[in-house]
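**Student:** If you read the protein sequences in the order shown, they are chains H and L.
My numbering puts the first residue of the first sequence at 1, with every later residue one more than the last.
My numbering puts the first residue of the second sequence at 1001, with every later residue one more than the last.
No lab work stands behind these hints, which were simulated from the structure alone.
Among the clues, some could well be false.
As the list claims (entries may be wrong) - To be clear about the criterion: a stretch of chain H counts as covered by chain L if any three or more of its residues have a C-beta under 8 Å from a C-beta of chain L, and this derived list gives those stretches: (1) 387-396; (2) 583-595; (3) 672-679.
Claimed, not checked - With a Cα cut of at most 20 Å, we get these calculated SDA-like pairs of lysine to any residue: (4) L/Lys1081 - H/Gly679; (5) L/Lys1081 - H/Arg757; (6) H/Lys49 - H/Val280; (7) L/Lys1081 - H/Arg343; (8) L/Lys1081 - H/Pro678.
Backbone N, C-alpha and C fix where the C-beta goes; we use that ideal spot for every residue, glycine too.
Here's the letter readout for the chains.
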Amino acid sequence: MRAVWRAARAAVRRRGLQTLVIALVTLTSGAAMVIALGLLDAASAPFDKVFGAQRGPHVVAVFDPAKASGERLERAARQPGVEAAGPFRQATVELPDDAMRFGLGAQITVVGRADPGGPVDRPDLWAGRWATRPGEVVLNRQSDWAPDDLGKRLPVRPGGPSLTVVGFAFDLSGTADAWVAPGQIDALRPTAAQLLLRFPDASSESALRAGLETVTETLPDGSLTASRSYLALKHQVSSSARAYTPYLMAFGILGVVVAVLIIVNVVSGAVISGFRQIGVLRALGFTPWQVVGVHLAWISVPAVLGSALGTAVGNAVARPFFGSVFTGPDAGVLHDSVSVSGRVNAVTLIGLPAVCLLAALAPTLRVHRMPAARAISAGSAPRAGRALRLQRRLAGSALPRPVSLGMGLPFARPGRSALTLAAVVLGVTTVTFATGLATTMDRFGGAGRDAYQVTVYASRFDDGREIQPRHPDRELHALLAGLPDATEVTARADVEVRLVGSAHPVILEGRRGDRLSLGDVLTAGRWMRGDDEIVAGSAFLRRNGVRVGDRITLEKGGQRRTMRVVGEVMQNNARVVVTGWPALHALAPDEKPIAYHVRLRDGADPAAYARAARAADTGVSPAPRGPDNLTRTIVGSATALTLMLALVSALGVFNTVVLNTRDRRRDLGTLKSMGMTPGQVTVMTVTSMAVLGVLGSLLGIPLGVAGYELVVPRMADAVDITLPAFMTDVWHAPALAALALAGVAIAVAGALVPARRAGRLTIAEVLRGE
Amino acid sequence: MVTEDSGNEVVVRLDGVRKEYGETTALAGVSLEVRAGEAVAVMGPSGCGKSTLLNMIAGLDRPTGGSVVVHGENVGECDEKRLALYRRHRIGMIFQFFNLIDDLSALDNVALAAQLTGTPARQARRRALELLDELGVAGRRNAHPAVLSGGERQRVAVARALMNRPALLLADEPTGALDSRAGEQVMDLLLDLNQIGQTLILVTHDARLARRCAGRLIQLADGRVTGEQTLEVTA
């Protein structure tokens, strides 16, 4: 055993470059694998993960406390297999019109609860602390809400207590908009009590109904006033994650496959190139199994080191990367859990060295059965030439000889070349897919970005109080249009209406001014021309079974108006329809704009305009348009992942050239002795890989395009939008020509360094070795 | 056979050439001259520096001291590219183990030497075929090295060395890997070449080869020239 370990250590020292390459490849592959598996892990069932982490209730049941006391509810919930939290007293509270509502709406549900723990429903307290004293409140907000709002007041009407925000917690199940201490809830006049229930079988609505019946069967009739199952919430919440999932899955699978492929190539190549050494060990008296042991021990050193470092690097990269990709619960990650799961790390740490050892085992076992003399002669005996007909044709071509020699090299080692080609193909596939995706996302994010640069909100909050503009609507509109650099101003108002024949509320958005489209992208039909015309998003049309050309009737406060859908826009909010100002005014005569969207002349400074608008009317709140985060995230992450996978592919090429150079040292020495210059050796070696690069492009581009056609429509479907043709029409000749260079670029990048090294080989040393 | 006193120009001049590999001294100040048309054999025990000396002259390695001047060019001062051109145009090398490219046919192995100089493929192949024919292996032109006999391989290697009509032919143990019959054939070949004026430097262990092919014998031991004698041609 000691002899085996000593020989393995000697192999590490003697074959330092190969050991380093294996360590580098496992490091990079390990990092790529951690991120890829992390993506796959995060992209699968994000709702279930957050819901599970929060022990979300399968049913939120609301009871009339006059009919069922707290003690009775508690007893009723004690059923076999049922987990319950509560009952918690619940109040519906109105927030004043002029109050800062923290984005919660006019009417909120406040629950009295002593702490966020318990067997069911554990809100994620991401800022501040829980409300424990009277006068304190915790708001249900996602972690992208500004924690600066801690300490601000939440006024309650009529005559209610003034509450101070002491914490922000996120509860995916939405059991409350805000929580107060149990001692505070009485002052808010609770009207209901909620029980939060988890059942052993929560697979369907009928199972949940049956579970709820076991809880309520001993309670008086009519005590259950409302109930909500988690299944509807699951469908609603998962839609955003569904947009990410196909793309993350594609990158994740590509990452794992590339990593494994490269490792198999590198390790098996390293073992095969050491056949002679195996023969020498056998001649020295090592048993066949000891020889296998030496090789496995040698490979395990860089494999374990590389995998460990790669896992660490992968985790370090994944944290900020996942933080930017998964910004919220829709993607399945809470604010404090943006990291790679333990099982992903375990799979990488164990799986990667295992792949390395398996890749080493196959060729080592081959030599294990080989006579020692044959193994020793491997590499020095003349090989039967391969692809001679092709070589002859190349030799007779008009190409410079180093180029034609290089073109023939991949066919001398077809197995190794095939594995390298596969890595290049996957690299090109990734680049192609990511380029298509980034182009579409860039067009998606850029669509309508020039429609306006500043949004001027028609109110401002100061210490929880809403301040109105000093100028009336029309005057304010004219004032904003008259400020320096403004070229167009479009006012917008939202009003909640009812779609006759549907239970879902609808937001009717009325627009007035210079640009009614406001940057929305029309995917079918046209924009409004008459008073009774609307356009709607694909999500709205699908949900309500409406098509362009149909008529729908909207109702508000007894007023009804029938309108014709004249266009479909790229909009995934299923509640919104857009119309002109007269139609909105007819349904809601008192409604005023909530915002004015201002387009500036080219080159103008949005921040300067915002300052001017604020100075012109202190009651407005101007906000320059921010960057498109979703687009930036997807494009940024796709670029990062592509670069990483292209780097891994290039490392595969690097390794192949290192092995080829090692195997062909004698040929290289001979060629140099015949007068081949170092530059010609470099050209020959790079050409040998560029051939694989060209083939890689030819195969990888169609695969990348196919991946795009598979993934992008699913992403669009997942968020209920129809992408217009100009966004998906991304495969043009110049783009494809540029992509054709991707394979060559990967191959040349990987080959250049070892090729230059090959060019500098000292002939005398190489030939002396013979 | 051209000898030292024939009055021909000096093709190779080594002056105090030293070569050290770390602590090991391979050549410890070798000085010698070779004139055009001469056939010089270098002999000595293993490790005496014979191959190192040949590598210095071929421009395959650089001296750590002294100068190697071939055809007026100081080989030790050339950059890599200039050395490559020097090897391409001035030198023909024959190796003990032939060093043919396994993936190329015999014909393409020979033609390769000319193609590296920019000679078009068709022209290079025509000349290669002529040489193979002269050396008696034209019938094996499409075979790859693995299926050739040792003698055939060495004759292909000689053809390759002669492809660019080098001023200087260097042979490192050219019969060392051959059986006696094949060795004899290669000896005849080298002798014939020298007799038509080819300058030849031969490194060998084989005294018979040296006596048969060379007109002058240089003895090397411990990296130094320890003796020199003019030989009678035995052929």
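**Student:** Could you run down the list of hints and mark each one as holding or not?
**Tutor:** Comparing the hints with the structure gives:
As drawn, the stretch 387-396 of chain H meets chain L at 6 residues by the rule of a beta-carbon pair under 8 Å; at three or more, the given contact holds. Given as covered by chain L, the stretch 583-595 of chain H fails the check, having 0 residues with a CB less than 8 Å from a CB of that chain where 3 are the minimum. For the stretch 672-679 of chain H, the stated coverage by chain L is satisfied: 8 residues place a CB nearer than 8 Å to a CB of that chain, which reaches the threshold of 3. Note on L/Lys1081 and H/Gly679: the hinted pairing holds, with a Cα-Cα distance of about 8 Å set against a maximum of 20 Å.
A hinted pair counts as satisfied when its Cα atoms are at most 20 Å apart, and L/Lys1081 with H/Arg757 qualifies at roughly 15 Å. The suggested pairing of H/Lys49 with H/Val280 is violated, with an alpha-carbon distance near 55 Å, which exceeds 20 Å. At roughly 55 Å between alpha-carbon atoms, L/Lys1081 and H/Arg343 are farther apart than 20 Å, so this suggested pair is violated. As the CA atoms of L/Lys1081 and H/Pro678 are separated by approximately 7 Å, the hinted pair is consistent with the 20 Å bound.
Hint compliance for this structure: hints 2, 6, 7 are broken, all remaining hints hold.
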